[in-house]
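Using the sequences and the hints, build the whole thing.
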Amino acid sequence: MPLRGGFPVLMRNDRRNSPLHHRKTDHALSSLVSLAISAAGPARDQARTRWEPIVTECLKIENLYKIFAKSPQQAMQMLAAGSNKEEVLAKTGAVVGLNNVSLSVPAGAIYMIMGLSGSGKSTLARCINRLNEPSSGKILLDGEDIVGLDEERLREIRRTRISMVFQHFALLPNKRVIENTEFGLKLRGVPLQERRRRAEEVLSVVGLSRWAFHFPHELSGGMRQRVGLARALATDADVLIMDEAFSALDPLIRTEMQDELLRLQRTFKKTILFITHDFQEALKLGTRIAIMSEGELVREGTPQQIVLEPKSDYVAAFTREIDRSRLFDARSVMTAAHAVTRMQDGGVAGKFLVSGEAAFVVDSDDRILGALSAVDQLKANSGTSLNSLISSDYIAVPASAKLVDVARVYRTGQPMAVIDDSGKLIGTLAAEQILSRIAATSSPQPSSFGDQNV
Amino acid sequence: MFDADDLYIFPVDVWIQDGVQWLALNLRPIFLAIKWPVETLLSFNDYVLHEIPFPVFVILIALLAYRLASGGIALFSAIALIAIAFMGVWSEAMTTLSLITTAILICAIIGVPVGILCARSDSVWNIVRPVLDVMQTTPTFVYLVPVVMLFGVGTVPGEVAVVTAAAPPLIRFTNIGIRMVEKEMVEAGLAFGANNRQLLWEIQLPLAIPTILGGLNQTVLTAMVMSVVVAMIGAEGLGLVVLQGLGRLDVGRAAVGGIAIVLLAMMLDRITQKMAQPKDQKAKSLLRNLLGLLQIGGVGEPLSTPPGRPAA
Numbered sequence: 000m001p002l003r004g005g006f007p008v009l010m011r012n013d014r015r016n017s018p019l020h021h022r023k024t025d026h027a028l029s030s031l032v033s034l035a036i037s038a039a040g041p042a043r044d045q046a047r048t049r050w051e052p053i054v055t056e057c058l059k060i061e062n063l064y065k066i067f068a069k070s071p072q073q074a075m076q077m078l079a080a081g082s083n084k085e086e087v088l089a090k091t092g093a094v095v096g097l098n099n100v101s102l103s104v105p106a107g108a109i110y111m112i113m114g115l116s117g118s119g120k121s122t123l124a125r126c127i128n129r130l131n132e133p134s135s136g137k138i139l140l141d142g143e144d145i146v147g148l149d150e151e152r153l154r155e156i157r158r159t160r161i162s163m164v165f166q167h168f169a170l171l172p173n174k175r176v177i178e179n180t181e182f183g184l185k186l187r188g189v190p191l192q193e194r195r196r197r198a199e200e201v202l203s204v205v206g207l208s209r210w211a212f213h214f215p216h217e218l219s220g221g222m223r224q225r226v227g228l229a230r231a232l233a234t235d236a237d238v239l240i241m242d243e244a245f246s247a248l249d250p251l252i253r254t255e256m257q258d259e260l261l262r263l264q265r266t267f268k269k270t271i272l273f274i275t276h277d278f279q280e281a282l283k284l285g286t287r288i289a290i291m292s293e294g295e296l297v298r299e300g301t302p303q304q305i306v307l308e309p310k311s312d313y314v315a316a317f318t319r320e321i322d323r324s325r326l327f328d329a330r331s332v333m334t335a336a337h338a339v340t341r342m343q344d345g346g347v348a349g350k351f352l353v354s355g356e357a358a359f360v361v362d363s364d365d366r367i368l369g370a371l372s373a374v375d376q377l378k379a380n381s382g383t384s385l386n387s388l389i390s391s392d393y394i395a396v397p398a399s400a401k402l403v404d405v406a407r408v409y410r411t412g413q414p415m416a417v418i419d420d421s422g423k424l425i426g427t428l429a430a431e432q433i434l435s436r437i438a439a440t441s442s443p444q445p446s447s448f449g450d451q452n453v
Numbered sequence: 000m001f002d003a004d005d006l007y008i009f010p011v012d013v014w015i016q017d018g019v020q021w022l023a024l025n026l027r028p029i030f031l032a033i034k035w036p037v038e039t040l041l042s043f044n045d046y047v048l049h050e051i052p053f054p055v056f057v058i059l060i061a062l063l064a065y066r067l068a069s070g071g072i073a074l075f076s077a078i079a080l081i082a083i084a085f086m087g088v089w090s091e092a093m094t095t096l097s098l099i100t101t102a103i104l105i106c107a108i109i110g111v112p113v114g115i116l117c118a119r120s121d122s123v124w125n126i127v128r129p130v131l132d133v134m135q136t137t138p139t140f141v142y143l144v145p146v147v148m149l150f151g152v153g154t155v156p157g158e159v160a161v162v163t164a165a166a167p168p169l170i171r172f173t174n175i176g177i178r179m180v181e182k183e184m185v186e187a188g189l190a191f192g193a194n195n196r197q198l199l200w201e202i203q204l205p206l207a208i209p210t211i212l213g214g215l216n217q218t219v220l221t222a223m224v225m226s227v228v229v230a231m232i233g234a235e236g237l238g239l240v241v242l243q244g245l246g247r248l249d250v251g252r253a254a255v256g257g258i259a260i261v262l263l264a265m266m267l268d269r270i271t272q273k274m275a276q277p278k279d280q281k282a283k284s285l286l287r288n289l290l291g292l293l294q295i296g297g298v299g300e301p302l303s304t305p306p307g308r309p310a311a
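Residue numbers (numbering that gives the first Met the number 0), protein chains in the order written: chain A, 0 to 453; chain B, 0 to 311.
Quick caveat, the hints were computed from the structure, so don't treat them as lab data.
In this text, all values refer to a predicted model and were calculated from it rather than measured experimentally.
For every residue, glycine included, the Cβ atom is placed at its ideal position computed from N, Cα and C.
Heads up, a few of these hints could be off.
[Said to hold, decoys possible] Subject to a maximum C-alpha distance of 27 Å in a straight line, what follows is the list of computed DSS-like cross-link-like pairs (lysine-lysine): (1) A:Lys185 - A:Lys283; (2) A:Lys185 - B:Lys273; (3) A:Lys137 - B:Lys182.
[What the hints assert, rightly or not] Label pairs and their calculated CB-CB ranges: (4) B:Gly87 - A:Leu191: 53 to 59 Å; (5) A:Ser208 - B:Ile51: 47 to 53 Å; (6) B:Ile51 - A:Asp149: 51 to 57 Å; (7) A:Ser246 - B:Ile109: 40 to 46 Å; (8) B:Trp200 - A:Lys137: 31 to 37 Å; (9) B:Asp132 - A:Glu132: 30 to 36 Å; (10) B:Ile109 - A:Gln76: 45 to 51 Å.
See below:
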């Protein structure tokens with residue numbers, strides 16, 4: 000049996016429906032104390048489902064091509080026959096913008112499209128609201144293909160479903176902040192009073208109420224982009240395209256705006272397509288990241304998946320300088336709690352986790368009552384009251400705590416527990432686990448999270 | 000045989016003569032139709048400008064200059080107008096001014112829409128552009144020939160010549176102004192679902208206004224020049240004063256006409272130039288600019304908040 004991190008731990012399984020769970024529960028109930036060590040397999044599945052809260056596919060792109068040429072047919076045929084971008088350019092003079100891109104964006108995600116300049120990331124974003132006309136392929140917004148829409152319906156979609164934030168803000172210099180904010184609503188024909196009210200609401204959300212009647216040139220870069228964001232939010236579109244939205248801002252303001260976006264996203268839950276050339280930004284904001292190169296999608300996955308398993312030198316180059324301790328949380332490296340031991344004993348009623356070195360005793364709600372050292376576990380097995388054995392000499396960290404913070408509270412000799420939002424014990428952590436994750440190189444290696452794509 | 004004089008000369012002059020005669024005879028209703036609105040507008044402007052008492056007009060122009068440009072230019076305008084009046088050519092100056100204002104109106108009515116069309120369609124621009132090239136490279140003097148042939152002599156045919164000469168810059172600048180609007184701005188309009196009309200009125204025209212006003216400045220100056228030249232085909236105004244002075248070898252009279260022309264030209268140039276470069280570096284909206292021309296204040300102020308809302 001594979002023991003992870005050298006810690007044989009009796010683990011709790013919280014997948015209530017799994018047959019494994021029932022079997023073990025029954026087993027545990029049948030005896031006072033039992034030792035059970037589970038394989039890491041179920042823990043891996045559990046981790047994956049937790050990290051990817053895929054609700055619905057809001058936006059799905061299928062086999063999208065964009066070729067910049069008067070007649071793209073020849074280039075399309077060459078691509079279909081397996082030619083690359085350079086060959087097509089040399090032979091037909093056509094520039095391949097997007098080469099067979101397929102991806103799906105879950106509703107409510109911040110989906111990052113990452114790539115160097117010329118990789119086609121902006122082209123892809125602009126195809127979605129058809130500022131660029133795709134050459135072939137499908138863009139499905141809740142099942143409706145945007146590529147085939149007539150002008151009237153496309154305008155409708157642009158007015159109500161998809162809005163956009165621009166790199167250089169694209170605010171109208173002759174309009175006041177509030178007029179810029181209500182711009183989308185004005186185009187839609189919303190009456191003045193109503194759109195003013197809505198614009199005022201949105202401006203207060205981005206913290207610019209005081210500036211409503213100023214002109215854009217009176218504002219700083221960060222504030223202007225807040226107006227750009229407010230303008231996009233005002234239309235109530237559920238899909239937001241942010242084309243290098245923060246790239247023109249200086250680093251401090253950029254960080255501030257990123258935090259602002261994350262804050263707003265908690266309230267608005269938009270589906271955001273965020274174009275960036277900054278991998279740090281992609282990691283910080285992204286629910287998922289798609290990496291583009293030469294018009295092709297070369298890697299797609301969660302930030303953690305991509306850093307752990309870049310799969311190509313191109314992607315690995317981005318991940319090399321990444322501070323892993325800020326990217327990965329306790330949940331991603333913990334040994335998940337699996338098997339259950341239930342014991343009735345004097346004042347302490349509860350399950351407990353047993354291992355060779357440390358274990359945790361939990362109550363019926365899986366909240367930690369105390370830690371149990373290896374020696375004390377033997378005593379417990381031989382009938383000593385748990386009440387007298389458990390100690391409060393342990394550390395509990397939240398599952399979402401980044402490793403950089405976990406490392407800060409680590410103390411040698413103290414067992415470390417990982418708890419979820421409601422205080423339930425979900426796993427344990429050892430120093431080796433933290434260290435090995437932080438020190439991991441970018442070379443392709445098997446991941447413990449499984450792989451989704453490419 | 001290599002001497003140019005020995006060559007057979009094509010009778011181009013005869014062809015043109017015949018062609019123009021044919022045009023004048025057969026298309027007379029068309030030229031009359033063109034002449035009529037010009038004549039109506041011109042006589043109205045002429046009437047109004049002559050009827051306004053001289054001091055009132057000076058004050059009006061000074062106010063207009065103050066509103067559109069600056070106090071200095073308002074002062075200069077007032078002094079220039081008073082000087083013109085005291086040189087005894089007030090009536091002639093008003094005639095010239097009516098020629099110019101009429102020309103500006105007609106140019107704006109024709110030129111801006113044509114410029115917009117050119118900006119929106121490359122094929123229209125490819126047709127209009129060579130025509131503008133020819134119109135702008137033709138010496139103003141040469142315009143007079145076809146105008147006399149087709150419209151006759153006098154102030155109204157003169158006005159037709161003024162309009163023809165003054166329209167190209169406005170068309171050009173309107174076209175360029177709209178084409179030069181930043182791509183991202185146009186994309187912003189499209190991304191939020193603007194249709195063609197909204198794109199034009201909400202984004203392209205307002206952002207092109209400074210350039211269009213630059214074109215207007217050129218148009219005004221060309222109209223000024225042309226309004227003097229058309230004296231040769233019998234148009235009245237300051238040009239006629241100069242022409243008469245020259246004809247009679249009356250240098251003083253000619254100089255008075257010349258000075259009045261220069262003053263009027265400088266005044267118009269300064270006012271329209273300032274319009275093209277807004278005072279406080281912020282582009283005004285189309286509506287605000289147009290209403291600014293009519294001296295209507297307080298437009299575009301916030302609706303739900305008093306104008307003087309304190310800045311942060």
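Could you check the hint for me, namely that Trp200 of chain B and Lys137 of chain A are 31 to 37 Å apart, CB to CB?
34 Å, holds
Using the Cβ atoms, figure out if Ile109 of chain B sits within 45 to 51 Å of Gln76 of chain A.
This hint holds: roughly 50 Å between Cβ atoms.
Is the hinted range of 51 to 57 Å satisfied by the C-beta distance from Ile51 of chain B to Asp149 of chain A?
56 Å, holds
Assess, step by step, whether the Cα of Lys137 of chain A is no farther than 27 Å from the Cα of Lys182 of chain B, and give holds or violated.
26 Å, holds
Cβ distance range 53 to 59 Å for Gly87 of chain B and Leu191 of chain A, holds or violated
Since Gly87 of chain B and Leu191 of chain A have Cβ atoms about 55 Å apart, the given range 53 to 59 Å holds.
Measure nothing beyond the straight line between the CA atoms of Lys185 of chain A and Lys273 of chain B; if it is 27 Å or shorter, mark the hint as holding.
31 Å, violated
Can you confirm whether the C-alpha distance between Lys185 of chain A and Lys283 of chain A stays at or below 27 Å?
34 Å, violated
Just to be sure I understand the hint, the distance between the Cβ atoms of Asp132 of chain B and Glu132 of chain A should be within 30 to 36 Å; is that true here?
34 Å, holds
Measuring from beta carbon to beta carbon, are Ser246 of chain A and Ile109 of chain B in 40 to 46 Å?
With Cβ atoms ~44 Å apart, the hint holds.
C-beta pair Ser208 of chain A, Ile51 of chain B: status relative to the range 47 to 53 Å that was hinted
49 Å, holds
In terms of the numbered hints stated before, the structure departs from hints 1, 2, listed from lowest to highest.
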